[in-house]
Amino acid sequence: MAVTPSSADAGESKKNYLEIKGVTKKFGDFYAVDDVDLVIPKNEIFALLGSSGSGKSTLLRMLAGMEKPTEGRIILEGQDITDLQPYVRPVNMMFQSYALFPHMTVEQNIAFGLKQDKLPRDEIADRVGKMLDLVQMKKYARRKPHQLSGGQQQRVALARSLAKRPKLLLLDEPLGALDKKLRVQTQFELVNVIETVGVTCIMVTHDQEEAMTMASRIAIMSEGKLMQVGGPREIYEYPNCRFTAEFIGSTNIFEGRLAVDEPDHIVIESQDLGRGIYVDHGITGPKGMNVWYSVRPEDVTLCRDKPDSQHNWVEGKVHDIAYLGSHSVYHIKLASGRVVMANVPTSHWGEAKPATWGDDIVAKWGNNAGAVLTS
Amino acid sequence: MKKWLSKYLPAGRTGVIAVPYVWLLFFFALPFFFVLKISFAEPDIAQPPYTPLLTHEESKTTITLNSGKYSTILDEVKSFGTESWADAAEQSQYVIAYWNAIKLAFLTMICTLLIGYPLAYNIARADEATRNTLLMLVMIPFWTSFLLRVYAWIGILKDNGVINNILLWLGVIDTPLQMLYTPFSVLLGMVYNYLPFMILPLYAHLTKLDGRLFEAAADLGASKWTIFLKITLPLSKAGIIAGSMMVFIPAVGEYVIPALLGGGDVVFIGNKLMDDFGPNLDWPQAAAVAVVMLALLIPPIVWFQRFEQKQQEEAA
Amino acid sequence: MNKMPLSNRLFMVMGYFFLYVPIASLVIFSFNESRLVTVWGGFSFKWYGEMFRNDDLLHAAGLSFKIAFLSATLAVVLGTLAGFVLARFGRFKGQSLFAGLTSAPMVMPEVIVGLSMLLLFVSLQSGLGCSSDEPLGLLSRMGCWAFGERGMITIWIGHTTLCMAYVAVLVQSRLKELDRSLEDAAMDLGCHPFKVFFIITIPVIAPALVSGWLLSFTLSLDDYVLTAFLSGPGSTTMPQWIFSSVRIGPTPEVNALATVVIVVVTLFVVVSNRLMLSAQAKRDKAMQAAFSGKS
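Residue numbers (this note's numbering), protein chains in the order written: chain X, 4 to 378; chain A, 67 to 382; chain H, 964 to 1258.
You can trust all of the hints, since none of them are fake.
No farther apart than 27 Å at their CA atoms in a straight line, the calculated lysine-lysine pairs in the DSSO-like style are these:
| id | chain 1 | residue 1 | chain 2 | residue 2 |
| --- | --- | --- | --- | --- |
| 1 | H | K1158 | X | K118 |
| 2 | X | K71 | X | K228 |
| 3 | X | K29 | H | K1139 |
| 4 | X | K142 | X | K121 |
| 5 | A | K274 | A | K296 |
| 6 | X | K142 | H | K1245 |
| 7 | A | K376 | H | K1056 |
| 8 | X | K320 | X | K309 |
| 9 | X | K45 | X | K133 |
| 10 | A | K274 | H | K1245 |
| 11 | A | K376 | X | K29 |
| 12 | X | K147 | H | K1158 |
| 13 | X | K141 | X | K184 |
| 14 | X | K121 | H | K1158 |
| 15 | H | K1139 | H | K1158 |
| 16 | H | K1248 | X | K184 |
| 17 | X | K356 | X | K367 |
| 18 | H | K1139 | A | K303 |
| 19 | X | K29 | H | K1056 |
| 20 | X | K118 | X | K142 |
| 21 | X | K356 | X | K309 |
| 22 | H | K1158 | X | K71 |
| 23 | X | K183 | X | K141 |
| 24 | X | K141 | X | K121 |
| 25 | X | K71 | H | K1139 |
| 26 | H | K1158 | X | K170 |
| 27 | X | K147 | H | K1139 |
| 28 | A | K303 | A | K274 |
| 29 | X | K147 | H | K1248 |
| 30 | H | K1248 | X | K183 |
| 31 | X | K29 | X | K71 |
| 32 | H | K1139 | A | K274 |
| 33 | X | K141 | H | K1248 |
| 34 | X | K71 | X | K45 |
| 35 | A | K274 | H | K1248 |
Short derived list, chain H residues pointing at chain A, Cβ under 10 Å:
| id | residue |
| --- | --- |
| 36 | L1060 |
| 37 | P1202 |
| 38 | L1220 |
Derived by calculation from the structure, the hints in this document are not laboratory data.
Since the model is a prediction, treat every value here as computed from it, not as a measurement.
Here a beta-carbon is modelled for each residue, glycine too, at the ideal position from N, C-alpha and C.
Starting from the given sequences, assemble the full structure and let the hints guide the process.
Okay, here's the thing in structure tokens:
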């Protein structure tokens, strides 16, 4: 069970700490995970984000060894761990419902993994003590799990999965069982602990806020495939496909054709808008190619007067307003029937009377406000 | 180490399956084969008390299959319609015993359902502390000896028993009513003893029903009866079926209750079997009776198991 | 309960009346002086004394308790394995047969089960040549030791087969409720699956095992029909004693025995129920304390 150190040079092995190569998992004819390739550097906190049934949990279970990939290899620090049984893998997981052993105390739960490795008694006691300190649960060491609150249980589960100093920590919906208020606070605590320990970590979540707060990189999964991998800002501002754009936050997507393709800009003709979309960055391609343009509601501004420019604005009527305190979400219905969403800061209207239901209004956006999508 | 483990694991899995599987195959499934075999033998004054099917004589092996034990039952079935009831009672004892068993088992099922459903329903709808006590009160008689519960009814029903004594004392009757050793006493004993088997599965299903369903139905304007008929009853169908089968199938094979509460007058097929096995020492006949009983019961048993399996899969 | 309509209450009262009238009459007539059970002849503890001086009964009761203890114990072992296989192993070859065999003893009429087991043992006896004078091989000798004559061992096997079905159902349903990730977590922390079963699964489902054992114990203690087929001349159990004395002409001695059984059972059920409830209450309190923000 000893792990052979990687022969590759240190820098290289840090970058390719975990390699997932062409991993596929089939249940019958159903592809739960479909040919996933992923490389994760050492000490990264990485999030797999997707809705239920996207295959993210199956991928995590394959990393833990609970499921065997149908195809592909998983390589951790140069060692192929694909066929290792879960109980010999240097990988530990924090389970969604925490899975704390109900008949053991907090201490015994944390010591469990160390006892399986038959470590000397003193060392176990020492390491359990350090873990209890780390998650600030020292005074609850003798309690049983059912005598703890949800947040405390979560910390014990974290300590238990870190006690063995795994090479890879897996978190399955780490905050899913907590209520919303507690979740926000716990997110930062969790990241702190993980960074203190300095462990490479992969988490699975369906909550985009959680992923964006905690992870340095995010992979968006759908139907077993990775749709996009990147940092939080990257996937929000530069989605590479309609799925990602719509999955992360909310957005307006307009379908159109590439009409002008110049080195410094392109223009997309859109039936929906009855007007061109001018983009000063983006793609090149054959004329007439089908493309989509995604623009976030916060990048759309409202005004009463028609602008002079030819592009990047539409007129319609205020169809719906949702007042959210700091801003309001306006739904503008165009003549074509399309609805465009715009987030308007409450301060936007200043002294003037805010636009209200039925008002004629113009929605506009900048030349570099949105992203051009080809799929 | 790795290889050894991965080899060891599936073997461990098979081993875990094998222990209970082999036990059940050997002590539960295999014996049915012997029942089938011995039902084709003849009774014999020997140890064991039946003739072997295979005989070796001078290096010749003969198989003797005797279907006479089935003919006894089949002949009765054939002649059943043609004779008068009095003759039938005398001559068609097996058919009557099968008929008694199925008829009274069915009536038991209906009665336990009619009594058990309202009880289970009210227990399930009671608040938690009460529910616990009520359920416990159903369980206590069930945990006391079955035989003693049957015996209790003898004391109540017999000619100088509790009911007759009370009625005589009140002057309602002047000669004791014959209640014991009638189909009524057997039915009463069966209903009493099988009631928990009906209540428990019904309770288990009824208690799982979401109370908000009733509120939603009432909110939408359904009357109490409509709620019961359109919501409660359909959603507890699985419990009704489970309870009915848990009562009907074993009740068909009942022996103790007709033996003690039926006297010699209400005879079930289980009693015929025990007579053939015991006093008559005709084991092949007992085996043939068992085979026919099994043939009658296997369809509902298999159907019920399929149903339960489907329920479980749907729940998962 | 407070909103239960009057008609329902009335029905409940009648239902419980029906359940308890026979029990009450058993108890009342155990104190009857008269030999005729239901003809009141004055109050007396006489039949309790008789009962404890009845050697046949005491002997039968002793044997019944012995068999019940052995059957319940073996049934818990085998039933737990069967329930575990059904709840955790997914699909395997012969799985539906296995599922069928596991639950069938619960519904199969006992006369059939009893007769078939008897015929198995009898066939084994003649097959192994237990009554012949020729010397036997080791296996045959072991077989004959176990099945050579009807008695405690054959009854034990019969009762175990019946009871393990109930244990299997209890264990299976408990395991289905149980979060599977507990076992996954133990494995993830380096515990071999075999060990997981013993140090995680078994302790967590322990309450189901206890109730399975108790249920098996009572079922075995109570069984008449299977025992009638599987017992030999020297092995009379308590139900057999009750059955024959009820047939021959019962005395209040039987009522005295019934009263003892009822009292023991009631005490046991009430106490264990109390213990369970108070453990639950303690847990709830601890939970509340934990949530009330002392963290």
